[in-house]
Each structure stands twice: as C-alpha cells, then as structure tokens.
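Asker: Residue strings, one per chain:
Number of protein chains: 2
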Amino acid sequence: MSREMIQDIFKRTGAQALFITDPHNMMYISGFRGGEGMVYISPKQQVVITDSRYTEAAGKESSFTVIEENHGHKRTQILRELLAVDGAEIVGYEDKFMRCYEFSRLTNSLPEIQQWLPLDESIDAIRQVKTPEELKLIAKAESIGDAAFSEILKFLKPGVTELETAAELEYQMKLHGAQGFSFNTIAASGIHSSMPHAVPTDKKIENGDFVTMDFGCTYEGYCSDMTRTVVVGKADAKQREIYNIVLEAQMAALGGIHAGLTGAQCDELARSVIRNAGYGDHFGHALGHGVGLYIHEEPRFSPQDSTVMQENMVISVEPGIYVPGFGGVRIEDLIVIKKDGVENLTHSPKNLIEL
Amino acid sequence: MSREMIQDIFKRTGAQALFITDPHNMMYISGFRGGEGMVYISPKQQVVITDSRYTEAAGKESSFTVIEENHGHKRTQILRELLAVDGAEIVGYEDKFMRCYEFSRLTNSLPEIQQWLPLDESIDAIRQVKTPEELKLIAKAESIGDAAFSEILKFLKPGVTELETAAELEYQMKLHGAQGFSFNTIAASGIHSSMPHAVPTDKKIENGDFVTMDFGCTYEGYCSDMTRTVVVGKADAKQREIYNIVLEAQMAALGGIHAGLTGAQCDELARSVIRNAGYGDHFGHALGHGVGLYIHEEPRFSPQDSTVMQENMVISVEPGIYVPGFGGVRIEDLIVIKKDGVENLTHSPKNLIEL
Numbered sequence: 102m103s104r105e106m107i108q109d110i111f112k113r114t115g116a117q118a119l120f121i122t123d124p125h126n127m128m129y130i131s132g133f134r135g136g137e138g139m140v141y142i143s144p145k146q147q148v149v150i151t152d153s154r155y156t157e158a159a160g161k162e163s164s165f166t167v168i169e170e171n172h173g174h175k176r177t178q179i180l181r182e183l184l185a186v187d188g189a190e191i192v193g194y195e196d197k198f199m200r201c202y203e204f205s206r207l208t209n210s211l212p213e214i215q216q217w218l219p220l221d222e223s224i225d226a227i228r229q230v231k232t233p234e235e236l237k238l239i240a241k242a243e244s245i246g247d248a249a250f251s252e253i254l255k256f257l258k259p260g261v262t263e264l265e266t267a268a269e270l271e272y273q274m275k276l277h278g279a280q281g282f283s284f285n286t287i288a289a290s291g292i293h294s295s296m297p298h299a300v301p302t303d304k305k306i307e308n309g310d311f312v313t314m315d316f317g318c319t320y321e322g323y324c325s326d327m328t329r330t331v332v333v334g335k336a337d338a339k340q341r342e343i344y345n346i347v348l349e350a351q352m353a354a355l356g357g358i359h360a361g362l363t364g365a366q367c368d369e370l371a372r373s374v375i376r377n378a379g380y381g382d383h384f385g386h387a388l389g390h391g392v393g394l395y396i397h398e399e400p401r402f403s404p405q406d407s408t409v410m411q412e413n414m415v416i417s418v419e420p421g422i423y424v425p426g427f428g429g430v431r432i433e434d435l436i437v438i439k440k441d442g443v444e445n446l447t448h449s450p451k452n453l454i455e456l
Numbered sequence: 102m103s104r105e106m107i108q109d110i111f112k113r114t115g116a117q118a119l120f121i122t123d124p125h126n127m128m129y130i131s132g133f134r135g136g137e138g139m140v141y142i143s144p145k146q147q148v149v150i151t152d153s154r155y156t157e158a159a160g161k162e163s164s165f166t167v168i169e170e171n172h173g174h175k176r177t178q179i180l181r182e183l184l185a186v187d188g189a190e191i192v193g194y195e196d197k198f199m200r201c202y203e204f205s206r207l208t209n210s211l212p213e214i215q216q217w218l219p220l221d222e223s224i225d226a227i228r229q230v231k232t233p234e235e236l237k238l239i240a241k242a243e244s245i246g247d248a249a250f251s252e253i254l255k256f257l258k259p260g261v262t263e264l265e266t267a268a269e270l271e272y273q274m275k276l277h278g279a280q281g282f283s284f285n286t287i288a289a290s291g292i293h294s295s296m297p298h299a300v301p302t303d304k305k306i307e308n309g310d311f312v313t314m315d316f317g318c319t320y321e322g323y324c325s326d327m328t329r330t331v332v333v334g335k336a337d338a339k340q341r342e343i344y345n346i347v348l349e350a351q352m353a354a355l356g357g358i359h360a361g362l363t364g365a366q367c368d369e370l371a372r373s374v375i376r377n378a379g380y381g382d383h384f385g386h387a388l389g390h391g392v393g394l395y396i397h398e399e400p401r402f403s404p405q406d407s408t409v410m411q412e413n414m415v416i417s418v419e420p421g422i423y424v425p426g427f428g429g430v431r432i433e434d435l436i437v438i439k440k441d442g443v444e445n446l447t448h449s450p451k452n453l454i455e456l
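For the protein sequence lines, the chains are A and B, in the order given. Here my numbering is used: the first residue of the first sequence is 102, the next is one more, and so on. Here my numbering is used: the first residue of the second sequence is 102, the next is one more, and so on.
What the hints contain is simulated information worked out from the structure, not anything from laboratory work. Take the hints with a grain of salt, since some may be wrong.
Which copy is meant is left open, because identical chains are indistinguishable; a pair holds if it fits in one copy or across any two.
Below, in silico cross-link-like pairs of lysine-lysine (DSBU-like), each with a Cα-Cα straight-line distance of 30 angstroms or less [unchecked claim]:
(1) Lys304 to Lys161
(2) Lys258 to Lys451
(3) Lys304 to Lys241
(4) Lys161 to Lys237
(5) Lys305 to Lys241
(6) Lys241 to Lys161
(7) Lys305 to Lys255
(8) Lys305 to Lys258
(9) Lys304 to Lys255
(10) Lys161 to Lys305
(11) Lys440 to Lys241
(12) Lys175 to Lys197
(13) Lys304 to Lys237
(14) Lys305 to Lys237
From just these sequences and the hints, can you work out the full model?
Answerer: Below you can see the structure in the form of structure tokens.
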C-alpha cells in the first residue's frame with residue numbers, strides 16, 4: 102500500500118497508530134504473508150510483529166521492520182514500546198475482524214491507549230481498486246480456471262458424478278498452479294442446477310443434463326471465480342431458450358459496464374434482459390461481487406449498491422436463471438472495470454456447449 | 102447436545118440465555134448445519150434464527166424452533182421477543198468467536214440486556230469429549246484418508262511433483278467421499294520434508310527422497326488428520342535410523358496413553374524416546390492436538406498441557422524428527438482415548454515403505 106493511502110487513513114480517522122490483524126490486510130499493507138501476528142503502523146513506524154516461525158519469511162516479504170514476539174518480549178510489551186515512541190494514545194483497530202476476547206485483552210493490557218477507533222471497512226475500501234500487480238495475479242488465477250475448464254470438457258460424460266466433476270476441476274486447477282481454492286467447487290447437474298449454491302452429490306450426470314460448474318482458485322493470495330453451464334448430450338428447446346437469455350443478459354452487462362455507473366445500474370443491464378424475457382422471478386441473486394484477496398468483497402453489482410464504479414475494480418458478472426424442478430444456467434466472467442468499458446479476465450468459450 | 106449439558110452452562114455461568122454464533126457450535130448444539138444466523142437457548146426456549154435460504158433445511162436438521170429473519174422481522178426484533186418471554190437480562194455470548202462490530206451492534210440495539218457474559222471456551226470445552234455419533238463420523242473421515250493413502254502409493258514415483266502429489270491426495274479423498282479438506286494438504290519431498298508445515302512446490306520427487314504427506318478431509322462437518330512418510334527408492338542408513346526412532350516414539354505413545362494422564366504426560370511418552378535417541382532438538386512441535394468439528398481443538402498433547410485426558414477425546418499422535426538440509430519424518434495417527442488405552446482410527450501401514 103502506498104504511503105499516501107496510509108497517511109489518508111490517519112487523516113480521515115484521527116488515529117495516531119493502527120493495529121492491523123486481518124491476515125489479508127496485513128499482507129496488503131506490509132507484504133507479509135504469514136498471517137500470524139499484527140501489523141503496527143503510524144506516520145513514523147511500520148512494523149510487522151510475528152513469532153519465530155515467520156520472522157525469516159517476513160523479513161523477505163516485507164519492507165517493514167520485523168519484531169519477533171516471544172516469551173521474553175510479548176506482543177503487549179512490543180506494542181507498548183512502539184506506542185511510546187509515537188506518543189500515540191488514539192489507536193485504530195479492525196472491529197470487523199477482531200474477536201471480542203482479543204479486543205478485551207488488548208484494552209486491559211494497554212490502559213495507556215485513551216481512545217480505540219473502530220476502522221470499520223476503511224482498509225477494505227482501499228483494496229477495492231486493484232494495483233497493476235494485483236491485476237496480474239488475479240488474471241493468472243483466472244487463467245488457471247480457464248485451463249481447468251478446458252480439461253473438464255474432455256472429462257464430462259453420462260455416468261460421471263457431480264462429486265467426481267468437482268474433484269476433477271479442483272485437481273486440474275492444482276495441476277495448473279492453483280495454490281488453494283477460493284470456495285468449495287460447485288458442480289450441479291440436471292434439476293440440481295436450479296440451486297445456485299448446490300453442493301455436489303454422488304448423482305450421476307445423465308444424457309441431456311445441464312451441468313453448472315462454479316469454481317475458483319487462489320494464486321499468491323488472490324482469488325479467481327468463474328462459472329460455465331454446459332449440456333451433456335443435446336440441449337432441448339427450453340434449455341436452449343434459457344441459456345441464450347442468460348448469455349444475452351451477460352453480454353449486455355459486459356457491453357454496458359464502465360467506470361462511473363453505480364452497482365445498481367450495472368446490475369440492471371443484465372437484470373432487465375432477464376426480466377423482459379419473462380424470467381425476472383428466476384434470477385434471485387445479485388449480478389456480481391468484488392473479488393481480490395477475499396472471494397467476496399465490496400462493491401457489488403446489485404439492485405441495492407450505490408457505489409460508483411472506479412477503474413481497476415475487479416468484479417464478477419454472473420447472471421443466472423433457475424427454474425425449480427427443471428434446472429438452471431449461470432454464466433460468470435471476472436472483469437476489470439475500465440474508463441470506457443471492461444477488460445474480461447475470463448477467456449473460456451461461452452457459446453452453448455453440447456458434449 | 103444433551104439438555105443436562107445446557108443446564109450446566111446456565112448454572113456455571115449465571116446466564117439466563119445464550120447467543121451462539123460460531124457455526125460449529127451452532128451445529129453442535131442445534132443440529133443446524135447452515136452456519137448462517139444464530140442459535141438462542143434458554144432453559145425455556147431453543148431456537149434457530151436464520152434466513153430464507155436455510156429455514157427449510159434447518160427445520161429438517163434441528164429439533165429446535167426455527168424462526169426466519171427477514172426485512173420485516175429482523176434478528177434484533179426476534180431476540181427482543183425471545184428475551185421478553187424468558188425475562189432474561191443476563192446473556193452469555195461467544196467472545197472467542199464474535200467480532201467486535203457485531204458485539205457492538207448487539208449491545209447498542211438490545212439495551213434491555215443488563216449483563217453480557219463472555220462464555221470464553223465453555224462450549225468448546227464440552228465438545229472435547231465426543232459422543233458415539235461424533236466418533237462414527239470422525240472414524241469415517243479418517244477411513245477416507247486411509248483409502249487415499251493406499252491410492253497414493255501407486256502414484257508416487259520419481260518425476261512426480263509435490264503439487265501433483267497433494268492434488269492427487271485431495272482428488273482421491275474427494276472420490277472416496279470427502280466433502281471438503283481439513284487443511285491445505287502437505288506433500289514435502291527430499292530436504293523440504295524437514296519443514297513441518299512445508300507448502301507443496303513444483304519440485305519433482307527424486308529417487309531416494311523422503312516424501313511426507315499430511316492430509317485430512319471433512320465428512321458431515323467432522324475432520325480427519327493423518328501423516329505418513331515414505332521413501333521413493335531405497336532408504337539409506339540415516340533415513341532408516343530416523344524413521345525407526347519416530348516410529349518407536351509413536352508406538353510408545355500409542356501403547357502408553359490412556360484416560361487419566363495429562364497432556365504433558367502423553368507428550369513425554371514419545372518425546373523421551375526421541376530425546377534419548379539424541380534428536381530432542383529436532384522435534385519442535387507438540388505431540389498432538391484435539392480433532393473434531395475443528396481441525397485444531399483442545400486439549401493438546403504438549404509439554405505445557407495439564408488437561409487430564411478423558412475417555413472419548415479424539416487427539417492426533419504425531420511425533421516427528423526434522424533435520425534441516427537432510428529431511429524429516431512424521432508419522433501421525435488419530436486416536437480415541439479409552440479407559441485403559443487408545444482406539445486407533447488410522448489403519449494405514451506404517452512400516453517403512455520404499456517405493
């Protein structure tokens with residue numbers, strides 16, 4: 102994070118020092134990836150406090166001063182010393198992340214702190230607009246998803262189960278460099294595909310089934326996310342109708358989104374297509390969500406989101422139609438907001454694939 | 102959870118009602134698996150509060166009353182009504198789990214609550230001793246690990262990477278019924294095996310390498326955990342020496358642990374073998390940790406743990422020797438503490454396997 106961004110937090114909140122404990126924010130601010138410990142920042146000092154398991158790595162990953170916490174030099178004592186150097190009595194903390202017991206321990210052991218300022222989502226808000234380095238890592242993660250999708254097309258056939266499909270997708274992502282998964286892979290076939298968050302079962306894929314696959318991996322801490330729906334066998338008329346409406350809705354959104362629109366306006370680009378086709382009641386979720394170090398971040402493409410889109414926000418575009426007892430379609434790409442449009446990070450085909 | 106256990110919490114803490122928000126504890130207490138919402142219990146009322154996505158499932162999973170929270174009937178209002186029925190003014194909450202901002206919102210919106218009692222680890226403590234149903238689920242999860250280990254022995258050979266090995270283990274666990282993973286699978290070869298928490302890399306396994314694999318899955322919410330170390334090719338004298346010391350240490354622990362010993366006494370059973378063999382400085386971690394809904398639970402087999410072991414606690418037994426620049430061995434089984442010994446849930450072979 103740049104020095105200006107940090108200065109801005111101090112100015113906006115009135116804090117004299119910040120205690121950062123969310124592992125993702127610790128990494129974002131300091132570069133330290135270990136996740137254990139705390140980042141202390143003030144206008145004068147930038148410090149990673151962690152234990153002996155991580156100090157060596159922290160020294161390589163972060164430009165901050167690294168202080169080792171141990172039995173002889175406990176975290177409270179380290180913080181006391183840092184606060185004294187700064188003469189800081191007003192401290193910002195991540196109330197959205199910190200557990201009550203940890204807060205209570207800190208307030209009891211550091212009575213010299215006069216005021217505790219909840220930071221709410223100040224740090225998360227900064228993370229909404231991605232840096233060029235972050236965009237590269239997200240694009241890499243998304244390309245791993247593309248590679249896995251290309252492999253799964255050779256694997257899908259009648260008789261394969263949903264669980265096997267999800268396992269194969271995860272296996273392929275790992276083989277292509279995934280370091281972890283953004284969420285539990287969804288593979289839903291036939292009528293199961295009408296549930297947006299279906300959990301894969303041992304149901305065998307049958308000829309004529311929709312198969313919806315929603316999957317993502319992590320790469321150097323950053324998440325990917327994509328969804329494709331295919332038909333195993335030949336699509337019938339209704340499957341084709343639904344698929345094409347969802348695709349049309351997605352293309353309308355991809356063609357219309359740009360910096361300056363609100364989340365609600367972006368959502369409406371796709372939602373109006375689905376509504377006008379008569380399926381408005383079958384698209385119950387938001388069009389998209391921010392993606393970065395967390396798989397679900399602000400802002401959202403949703404009817405309630407008034408955030409004005411800025412360049413280099415990364416957001417999913419995932420319209421869907423879900424017909425209970427019949428099946429459903431979702432098509433999801435990951436995009437970067439640009440001044441006059443979007444950059445699509447997902448390159449897998451999305452014509453109706455019949456296997 | 103039994104009615105007696107709940108009564109006991111009210112008696113011990115003086116609380117008139119409990120707000121349970123840790124998803125694992127919500128499931129443990131009510132049976133509800135959705136994880137979203139809150140469980141309210143008092144001597145008179147047992148309630149799951151959740152939203153429309155989960156109410157149907159909650160009704161099937163839980164014997165508690167299910168109340169739907171929505172825009173017209175918000176959680177605060179529901180809690181206010183439940184508290185009024187109980188005349189409750191002293192409320193226990195999970196300070197180890199609840200975030201500061203959530204606590205602050207609750208205290209502000211429910212001023213009728215006179216006293217908030219941090220429950221600390223009261224609920225987690227109850228979960229240490231497993232019920233017969235829980236033991237069955239953990240045993241099932243561990244058997245999935247056994248099946249994956251048996252498959253990986255056919256897969257390992259020179260040229261295969263650590264990442265491929267980890268991916269294959271996860272794939273096999275999924276195929277055998279895993280619903281998720283307890284943690285990121287470890288597969289460390291050659292000198293990498295000297296790092297207890299090595300992250301798999303694209304390093305290829307070479308002839309003569311130790312390969313340490315530490316992996317676990319979840320089944321119906323419960324975790325498994327096991328580690329095996331094998332040699333790809335022929336073990337040399339030093340590898341054989343280290344392997345046999347670790348195995349002897351583990352067998353000593355498995356033969357000596359029983360209800361009534363402290364965590365420290367159990368740890369010492371294995372640690373003394375490794376110390377006497379001259380490798381005391383190369384076994385830096387604890388002998389084991391509780392396993393259940395969480396992969397790491399209390400109690401521990403560690404030099405610092407004074408917990409007296411009780412029947413039907415489930416704990417890992419995982420001694421190791423790690424020699425930087427050479428390699429390492431860890432052998433881990435999952436056991437159930439019994440009155441006169443242990444029941445081993447892990448059935449994979451642990452003679453030195455040379456592939």
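Asker: What are the numbers of the hints that this structure violates, sorted from low to high?
Answerer: none
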